[in-house]
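**Q** Residue numbers (my numbering), protein chains in the order written: chain A, 1 to 113; chain B, 1001 to 1115.
By construction, these hints were calculated from the structure, which means they are not laboratory data.
It is possible that part of the hints are untrue.
As the list claims (entries may be wrong) - So the derived label-pair ranges between C-beta atoms look like this: (1) 1003/B / 100/A: 20 to 30 Å; (2) 1018/B / 42/A: 21 to 31 Å; (3) 41/A / 1022/B: 12 to 22 Å; (4) 1073/B / 67/A: 34 to 44 Å; (5) 1005/B / 59/A: 20 to 30 Å; (6) 1071/B / 79/A: 41 to 51 Å; (7) 16/A / 1018/B: 48 to 58 Å; (8) 56/A / 1113/B: 36 to 46 Å; (9) 1018/B / 61/A: 40 to 50 Å; (10) 1008/B / 14/A: 32 to 42 Å.
Since the structure is predicted, the reported quantities are computational estimates derived from the model, not experimental observations.
From the three backbone atoms N, C-alpha and C, an ideal C-beta is built for every residue, glycine too.
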Amino acid sequence: DQQVKQNSPSLSVQEGRISILNCDYTNSMFDYFLWYKKYPAEGPTFLISISSIKDKNEDGRFTVFLNKSAKHLSLHIVPSQPGDSAVYFCAASESNNFNKFYFGSGTKLNVKP
Amino acid sequence: NAGVTQTPKFRVLKTGQSMTLLCAQDMNHEYMYWYRQDPGMGLRLIHYSVGEGTTAKGEVPDGYNVSRLKKQNFLLGLESAAPSQTSVYFCASSYEAGSYTDTQYFGPGTRLTVL
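Same shape as in the complex, but just chain A (with noise of 0.2 Å):
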């Protein structure tokens, strides 16, 4: 059974307007989370990433939200752009065993110009 999951495999976006995408785990250890974007033939690259001790962390256009409370986390993308179009998944970790990351199953987002 995946503990992280993305439920939405696609996303379409209009350029220069917001993408929201999320993530929803079940376990209640995790408290590190991380976003990787992936483009075709190439592998995942790290984007940002949230510690549970912060519900927000900020990196440019690209904006984590954590709710510990719903075990979610979304990342908002503003103003989006074509070359955001990509593959996004969402990971999770605990703390005392970081060795071990869990992925959601990504979601495609789509940015038309």
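We have chain A already, so just place chain B on it with the hints.
**A** Then chain B, alone, in the frame of chain A:
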């Protein structure tokens, strides 16, 4: 720096054949990982290594073996390939795995088909 490289990029095997996937990193990272990615599922950890000469099982280790004889290389072996092992395999490495600021660096993947 080349980062994390994987060899080969593509491979087709027949059921029962064996093969080894090679992962190499030039970042002097201690930790290395092998994942598989299947349609509709996230990356799942097969095996990992916390340093030269060490290996440990991940989430889906059955049917695979690994070796870390040199710090920069992490090999994934399939002794007797099965169609269920058709997947895209990703290798990753990280400097350490005990920090909230750490992250994993991934290779480009190996697409394996077992007929």
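**Q** Okay, which hints does this one fail, numbers in order?
**A** none
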